[in-house]
Amino acid sequence: MADTPNIRIEVSDGASIPHPGDKGLVTAWSIAFFGALALLVFLITVMADPFWDILQFVADGLIITFQVTIFAIMLSLPIGLLTGLGRLSTNKKINLLASTYVEVIRGIPLMAQLFFLYYGMGKIFGVGGVPAAVIAMSVCYGAYMGEVFRAGISAISHGQTEAARSLGFSARQTMRLVILPQAMRTILPPVGNEFIAMLKDTSLVSVLALSDLLRRGTEYAGQYFNYFEVFALVSLIYLIITLILSKLVSIMEARLNYYDRR
Amino acid sequence: MTGANPIIDIRGVYKFFGNLSALRDVSLSVFPGEKVVIIGPSGSGKSTLLRSINRLETVDQGMVLVDGVDMNAPDTDIDLARRELGMVFQNFNLFPHKTVLHNLTMAPVVLRGMPVKEAETMAMALLEKVGISDKALVYPGQLSGGQQQRVAIARALAMSPKIMLFDEPTSALDPEMIGEVLEVMVDLAREGMTMVCVTHEMGFAREVADRIVFMDKGQVIEVGTPEHFFTSPKHPRLQQFLQQIL
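First to last, the sequence lines map onto chains A and B.
Residue numbers for the first sequence follow our numbering, so the first one is 1 and each next one is one higher.
Residue numbers for the second sequence follow our numbering, so the first one is 263 and each next one is one higher.
Calculated directly from the structure, the hints in this document are not laboratory data.
Keep in mind that a hint or two might mislead.
Rough simulated footprint, nothing fancy, chain A against chain B, three-plus residues with beta-carbon under 8 Å [stated by the list, open to error]:
#1 343 to 349
#2 417 to 430
#3 466 to 475
For glycine and all other residues, C-beta sits at the position ideal for the given N, C-alpha and C.
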């Protein structure tokens, strides 16, 4: 349709989402995924010593990694939506607040925010490692996602708003029933990218004495001095998870295109 | 017309876009059941005038009364007032993520609290009327321009408005699709709907309009019956305009 431009918003350095149109068997995604999977299986079976041992040791780090990622995703989505709406608001104060938030957060490295929250604020207010990590990551990614939401919403033609308002829908109903469902389509791929980037960035929490995947690896390697094997395995695990995530996002993306099928 | 009160009463309206004055002291009354066609060169302010009726454009001076409601008053519930005004756009503006049927039922169900079954029955009847009931379950993107515009008219009618506003409804259509849309509009006019229509379709204006309004440079230049317009236009600008398009 003329009034729903098929644009792709690229904002982050997240992993690239496989394009839903890529139907071939041999895609970059399938090579990476099945290659990584085969290598992982090979390592933990054929070379069980030390890889099986390492895997068992780092496995519980995955729980922390997933915990932080899932909670941070759940929290950053509403933050991002509110920020995006705020950035589009005609109310000057709300707009300024949202814009300032984005400007400030984007200018501070996530690592510095993590340190500040955990060592600075956390020690004062007694915030634990996981909550501190979740808050820091969702505040940071909420700002990035705010920009994605803003771009996605403003890509919907103004005619849609005019049509809905002419029927008698309020501004809020128009956003909820007409604009957001359409914006989801353009928003999903870059938001998926942010999810993947988030999962990778949870490795930063290892500096907060949180036993995530990377930290568990470091602990093991520190004990047995087999850095090569440990970090090869840890990298493989991260890679496999992010590849699964990116596939899920591309499947959802294809589903959201339902009304374009002819 | 009769001595009835006008259902649309536009009084001394001004509208500025920066330094440009889009409307200058425009007044126009439309009576219930009347069909008014607004014509004029592009940039003459005819769309702005039409859009000011349902406050898609606010006016800077003057008053727009619809059914006695001051559309620009701060205490007017504009969402409520707009339900009585159906609007049809040049670019259709159907909701692409909803099926044709859902495009029609959405507003009555959400805004008027109509039961879904009842809304669907009514929507099917409207689609039947615009000759497109076989497309009820497809998405707008699968329809031709003419079909989309007919759905858009049906969608506006689904709210049972008192007045229908048309903003160049055939201007974005391929020539072979203009007829089917005009046909629906003529039918609607015959049923007695109050209509205000901005269009370049002179045949439609001649056939349907009770009054034609000619605008140029933000002003109403001449108002009259189709007969008057096409046989004895007075103002030189109107004469020139008619020469160019007829």
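Consistency of the hints with the structure:
1. 343 to 349: holds (count 5)
2. 417 to 430: holds (count 3)
3. 466 to 475: violated (count 0)
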